Amino acid sequence: MRSGDPELSRLVERVQSARAGHIALDIQGGGSKHFYAELPRGEPLDMRPLAGISSYEPSELVVTARAGTTLAELEAVLAERGQCLAFEPPRWAPGCTVGGMIAAGLSGPSRASAGAVRDFTLGLTLLNGYGEVLTFGGQVMKNVAGYDVSRLVTGSWGVLGAICEVSIKVLPMRPAVATLGFSLDESTALARLLTWGARPLPLHASAWLDGRLTVRLAGASAAVEQAGKELCAAVPGGELLGPQAASQWWDSIRDQHHPFFALTAAERARGECLWRLSVPSTSPPLALAGRQLIEWGGALRWWRTEAPAAVMRAAAADAGGHATLVRAAEKRAGAFAPLGASAMRIHRGLKAAFDPAGIFNPGRLYAGL
Amino acid sequence: MRAIASQADFLTALARILPAGAILARREDTAPYECDGLTAYRESPLCVVLPDTRAQIEAILKLCHAQGVPIVARGAGTGLSGGALPHPRGVSLSLAKFNRILKVDPLGCTAVVESGVRNLAISEAAAQFGLYYAPDPSSQLACTIGGNVAENAGGVHCLKYGLTVHNVLGVTGFMANGESIEFGSAALDAAGLDLLSTVVGSEGMLAIATEVTVRLIPLPQVARCIMASYADVESAGAAVASIIASGIIPAGLELMDKRMTAAAEAFVQAGYDLEAAAILLCESDGTEIEVEEEIGRMIAVLRESGATQIEVSTSEVQRLRFWSGRKNAFPASGGISPDYMCMDSTIPRKRLAQMLRAIEGMEQKYGLGCVNVFHAGDGNLHPLILYDASDPEQRRRCELFGADILETSVRMGGTVTGEHGVGVEKLNSMCVQFSGAEREQFMRLKAAFDPAGLLNPGKVIPSLQRCAEYGKMHVHHGMLPFPELPRF
Ligand SMILES: Cc1cc2nc3c(=O)[nH]c(=O)nc-3n(C[C@H](O)[C@H](O)[C@H](O)COP(=O)(O)OP(=O)(O)OC[C@H]3O[C@@H](n4cnc5c(N)ncnc54)[C@H](O)[C@@H]3O)c2cc1C
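These protein sequence lines are chains Y and Z, in that order.
Position in the first sequence (from 1) plus 16 gives the number in my numbering.
Position in the second sequence (from 1) plus 13 gives the number in my numbering.
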């Protein structure tokens, strides 16, 4: 990232004066994740003017983009060269940006097989709370020089600083994809996913909703074809979905425009919430009230429910995971699962290390951060 | 740091925590712990402790914290950057007795192991379920998972399957003050900041790991390896870029230059082409048909990029033989030189040939030989500088040679270490790769985990003063300092 960049200089000045005046800044990209996490507060710090792909070398499998670049632009540029973001980040609104993708650290349907955003973050440039522009990691695949700040910042919801530019590992698109559908109840579906997952099959994504399991295979064409036949035969009624229906289905899960994820005003007022439970894939069906969508081979369980927060958090914790309150009329229970005392002390220490005046996205992750 | 009453008092306090055999304080007993795999650096610790339970570790850490005694964690001591080098006033905390495999879950494809468990032992325990732990450092027979976590270790199969950070779900252990802590979880993510990713690769500077939860993956049905010869390093380097550009991610893609091949061949008789300027090992794994299809595509690309000879393994025995030379590259170098210093920088793949040429120039400049073995698919270099450590003059030139490779890597858009860590060895090079503000940010990050600075002090992040002195020395040696390096 060039230090003389006028947009960057403008941001540095904003941060320096915010620091001096103790003014909270709400770092903004496309605003698509406004509803997620805790409520943003502070003066908007618009990252969108800092946009554009800085470098892209398909044979190096790396792209470097500035924070304000839209995900749509980035994905289009990669697709032209037959490459992609293997972690399928959600595109909850058309204008969502690369900076927001990194700051939120959310990954899509392929996460269990392909890896998460942080697995593909190679390096980034951060504007910290001192108004310093710092670069960590780089554009190469392997790098252990110094602490891995790039991955720490991925999923930090902006509390450590403003992400200015990021280098991401990209991968070739899989030559063949096929989606299979099965009618299975929850516990049978979970059991099937585990057995299949322990075998060398080209499993790429899975989703279970209302008694129906869909599984996406991706990889070399011969392998996908062979596995498709085998799995279809293994479950009575197993069928291959048409490519268009399949891609619409996966997009509706990835981008959450499937009606399962939407809550009407009336539903909210009634106390219905959308929860995200991240649990070990081996967790048995959770005995909770409400409607459920399961992804990631059983490791991600979305719930629409009126159950109290304490019940949801306890269910996730008992299973060895954690629960995030994603959509609700209010998030008094906290958007994210509370941390233990030691972990919270480290979090506070890190906040002070990067943003001593507490200007960046205060409270967006946890109160006091 | 508070002054310790005396070494004797401290040892008495330790003796209340540990049985007699678990404390080594006499010089002859601590001698085996004086260095790690980077034998050029040696130091005698205050003592070595070998705890067997978590309660003992907790008590040791609390005692050290109260008395201001530094702690250096130690796995198998195979590290190549001096990460486990003892501190003269510190305790070397060996995790050797933490060698129990606590659980292998064949359904969830995970294993929970103590941090002193050897890398290969995990795959051996998982094999009965058709699973394995993917990261495979060449030292996997000896190195521990705790050491792998601390260094974010890689191996020849990391191109396709990822490094340690991509294959670890959770780490349980202790903070410097003895508080118990858990990073990550058995789920695919955890609440809050991603502390797990920060702890992986932190070289024992942030926390002590006692248990690690790893991801296991299904063993591929078959794997086959191509050995391709090239008449010059340029075409071998270009072949690596072409493979990746063609959309193939091989299970492994390694490069060895002529002298490395000769040394390895003499050591293990792998059947290498001794005429080639460089050879590539390129592996495909998966199902039978998948591998057949991919091997075909690989051969086409390798031919097109000028391979002079191509051999494909037809049996598992032959495949392992192809790899045996590569996996024994380091000991093989020990056979052709009294000592060697292994560098570990990473550069963009397209620079591989240029780097090999630059290293040839440096051999002349520093009057020392160098053999090259690269994790080429990842752009991760392991030049092995050959020297005689008993000759101080050679040792000095070897260090300058190494620094030159690292700094050239940074100039090419790379990094000073890909998988071996900074330790004590690359402290000076960190001054070149990072600005003062970046290094200060690292120090503040460290303080968030270890405010008293007791975990592995003096490693990884050089002090501002050290960098200032190194800057002056650079000018003194007539080399150019690089104050404003383009990094992106
Ligand atoms: C012949 C040879 C081949 C090698 N090949 C490779 C390779 O292919 N890829 C690769 O990545 N590396 C390789 N290495 C380097 C080395 O094996 C790795 O860095 C390995 O991960 C070190 O593990 P260890 O148990 O020996 O750790 P040690 O050397 O004992 O320690 C390494 C670092 O980890 C810290 N540490 C150890 N255990 C813990 C713990 N429980 N908690 C906190 N900190 C801890 C130490 O303080 C130190 O900083 C090789 C080394 C040799 C000698």
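Quick caveat, the hints were computed from the structure, so don't treat them as lab data.
Computed from a predicted model, the values in this text were never measured in an experiment.
Where hints are given, some of them may not hold.
[Claimed, not checked] Listed next, the stretches of chain Y that the computed footprint assigns to chain Z, with coverage defined by at least 3 CB atoms under 8 Å from CB atoms of chain Z:
1. 158-168
2. 320-328
[Unchecked claim] Pairs of lysine to aspartate or glutamate residues, derived as DMTMM-like cross-links and limited to a Cα-Cα distance of at most 20 Å, are as follows:
3. Y:K185 <-> Y:E322
4. Z:K173 <-> Y:E59
5. Z:K110 <-> Z:E137
6. Y:K347 <-> Y:D42
7. Y:K49 <-> Y:D62
8. Y:K49 <-> Y:E96
9. Y:K245 <-> Z:E301
10. Y:K347 <-> Y:E288
11. Y:K185 <-> Y:D201
12. Z:K173 <-> Z:E305
13. Z:K363 <-> Y:E73
14. Y:K185 <-> Y:E59
15. Z:K173 <-> Y:E246
16. Z:K116 <-> Y:D334
17. Y:K245 <-> Z:E137
18. Z:K485 <-> Z:E373
19. Y:K347 <-> Y:E322
20. Z:K75 <-> Z:E195
[Stated by the list, open to error] Here are some of the chain Z residues that sit facing chain Y, going by a computed Cβ distance under 10 Å:
21. I36
22. L37
23. N165
24. E301
25. K363
26. Q367
27. F447
Built from N, CA and C at the ideal position, the CB exists for glycine as well.
Quiz item: Do the numbers back the hint for L37 of chain Z, that is, is its least Cβ distance to chain Y under 10 Å?
Solution: For L37 of chain Z, the interface hint is violated, since the closest Cβ of chain Y sits about 30 Å away, which is over 10 Å.
Exercise. For the pair we were handed, K245 of chain Y and E301 of chain Z, check the Cα-Cα distance against 20 Å.
Key: The given pair, whose Cα atoms are some 16 Å apart, holds under the 20 Å limit.
Quiz prompt | Restraint check for K185 of chain Y with E59 of chain Y, where alpha carbons must lie at most 20 Å apart | solution = With a Cα-Cα distance of about 33 Å, the restraint between K185 of chain Y and E59 of chain Y is violated, given a limit of 20 Å.
Practice problem: Assess, step by step, whether the Cα of K173 of chain Z is no farther than 20 Å from the Cα of E305 of chain Z, and give holds or violated. | Solution: 17 Å, holds
Practice problem: Verify the proposed pairing of K245 of chain Y with E137 of chain Z, using a straight-line Cα cut of 20 Å. | Solution: Outside the cut-off at roughly 32 Å; violated.
Practice problem: Against chain Y, run the beta carbon of I36 of chain Z and see if the smallest gap drops under 10 Å. | Solution: Violated - the Cβ of I36 of chain Z stays beyond 10 Å from chain Y, reaching only about 28 Å at its closest.
Exercise. Would you check whether E301 of chain Z satisfies its interface hint, that is, whether its CB is within less than 10 Å of any CB in chain Y?
Key: 9 Å, holds
Self-check item: Proximity test - 8 Å, beta-carbon atoms, the stretch 158-168 of chain Y to chain Z, at least three hits
Solution: Holds: 10 residues of the stretch 158-168 of chain Y have a Cβ under 8 Å from chain Z.
Quiz item: When you check the alpha-carbon spacing of K173 of chain Z and E246 of chain Y, does it fall within 20 Å?
Solution: 25 Å, violated
Quiz item: Do the alpha carbons of K347 of chain Y and E322 of chain Y lie within 20 Å of each other, as the hint requires?
Solution: Within the cut-off at roughly 13 Å; holds.
Quiz item: Keeping to a limit of 20 Å between CA atoms, is the pair of K485 of chain Z and E373 of chain Z held or broken?
Solution: 27 Å, violated
Quiz item: Holds or violated: K347 of chain Y with D42 of chain Y, Cα cutoff 20 Å?
Solution: 19 Å, holds
In terms of the numbered hints stated before, the structure departs from hints 2, 3, 4, 8, 11, 14, 15, 17, 18, 21, 22 and 26, listed from lowest to highest.
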